[in-house]
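Chains A and B, in that order, are what the protein sequence lines are. Position 104 of the first sequence, counting from 1, maps to 104 under this note's numbering, and the rest follow consecutively. Position 211 of the second sequence, counting from 1, maps to 211 under this note's numbering, and the rest follow consecutively.
Mixed in with the good hints there might be a few duds.
As the list claims (entries may be wrong) - BS3-like mimics (lysine-lysine), calculated; alpha carbons at most 30 Å apart, straight line: (1) B:LYS130 with B:LYS73; (2) B:LYS171 with A:LYS223; (3) B:LYS139 with B:LYS69; (4) B:LYS169 with A:LYS223; (5) A:LYS223 with B:LYS130; (6) B:LYS139 with A:LYS114.
No lab work stands behind these hints: they were computed from the structure. No experiment lies behind these values; they were computed from the predicted model shown.
If you want the building blocks of each chain, they are given just below.
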Amino acid sequence: MVTRNNDVTCTIKTVLLRVLLHRVWLLGALLLGLQACTSVVIDEDRRGTTDLQGDESVVVLGRRHASDYETEPELISCIGNTLAGGGRGINVISEDDFVDQLYPWFEPRTAPMKVKDLDRLLKQEYLAKAVEDYKVRYIIWVDGNTETTNSAGSIGCSIGTGGAGCFGFGTWDKESDYEVTVWDYKNLKTMGKISADASGTSYMPAVVIPIPIIARVQASACKGIGQQLRSFLQPEVASTGK
Amino acid sequence: MTHYLRPGIVLPTPLRIMVPALLLLLGGCTNTLVVQGEFPSPQVNQLPITLAVHYDEAFRGHTYEEKSKDRSKWVITSGPAQMQLFNRVLPQMFEAVVEVSEIPPAEAEVDLILAPAIKEFQYAVPRETKVNVFEVWIKFNMQVFDKNGELIADWILPAYGKTPTAFLKSKEEAMNEAVVVALRDIGASLSLGFTRVPEIRAWLEQHQRAML
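Chain A extracted, bound-state conformation (with noise of 0.2 Å):
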């Protein structure tokens, strides 16, 4: 009987355990979803009217020339899909495609600093023919990056012969800043700049499970340059709404 008994127990603590783990689940999975919340403030200059012809192009360059910080790569790329995608995209030169053309003239040391620069490299004759061939119209440099500021909480995990689990509370906060200088490859101006900062803070509840609740301020960062550079290259089709 006690025997019988204990089975009882066990069956019902089986049932009661697996509701538990599949609500523990679906609570998981419906916070997956989530994401916390980031702010993004963009700053325009313009200093000239912009004019880019349909089959004009623009390359986006990272500045890598600073001690401390690397602007990331994948912003790069993340800002020219954006200037490339949707209805009337801007034709975009991948990065590694033009540095690696035009080597060693973009690398981080040898990258002009300033328009001015250009017209002493567009002086010899093989690189101005490389620039003409990709029918860049202009350059778009962007300097900064993103970092972690600031990080609180624990958590910890433990395992043993009833399973695994986490248990406790993290936060970070992350900032982003960004500065985007556009170049007018044909008149050798700058014809304006763009500011990005962005910020945002991550939560990490662990109840068995780690859950992340990330604020995405990378993304978010790219996706408001994205679009105010289409705007400010565009600005026909940002005020027609097209």
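Fit chain B to the supplied structure of chain A, relying on the hints for placement.
Okay, now just chain B, sitting in the frame of chain A:
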């Protein structure tokens, strides 16, 4: 049969073998990297001279091994990638390039002989610098000889490369990128700066006058 690690903790036989093995494995963990990369051809003015290049065995098979006990263990083989870079850059810089096994070369008619060597190789990982990038410094020693084997120029070319610790990228991949960026840097310095070395510039002017 049970085994005791310390009083009160009983370990079954498989764990008794696995735990020390795992600890041994973690303790002796070494990051081994053979640098892989693609290097573009430089867009530079070609010099109308024939260059011989001499790679010694130390350069061909250059491997850096971290020996400090305070740092994570790295074994970085950059020799083949260096050869690949020089073999890509030099033919764009000079009208003709031949590889020679000795200085001066017995068999080839050349104008100059270049002998690159590595003097120093250093790296830093994010854990050491608190900056979220992998960094590599390489100090190259360039020696240029005339066709008779007389030393004309001897100078140091520093190279620097860094790459961010990208999400879902292994330490080896990040270090590989840093070395590739450093090698691209040396390719840039060499191809843009070769004719700016005073002794080389003087030799080139003299060579031009002799050709007239």
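**Hints that the structure is at odds with (numbers, increasing)** = none
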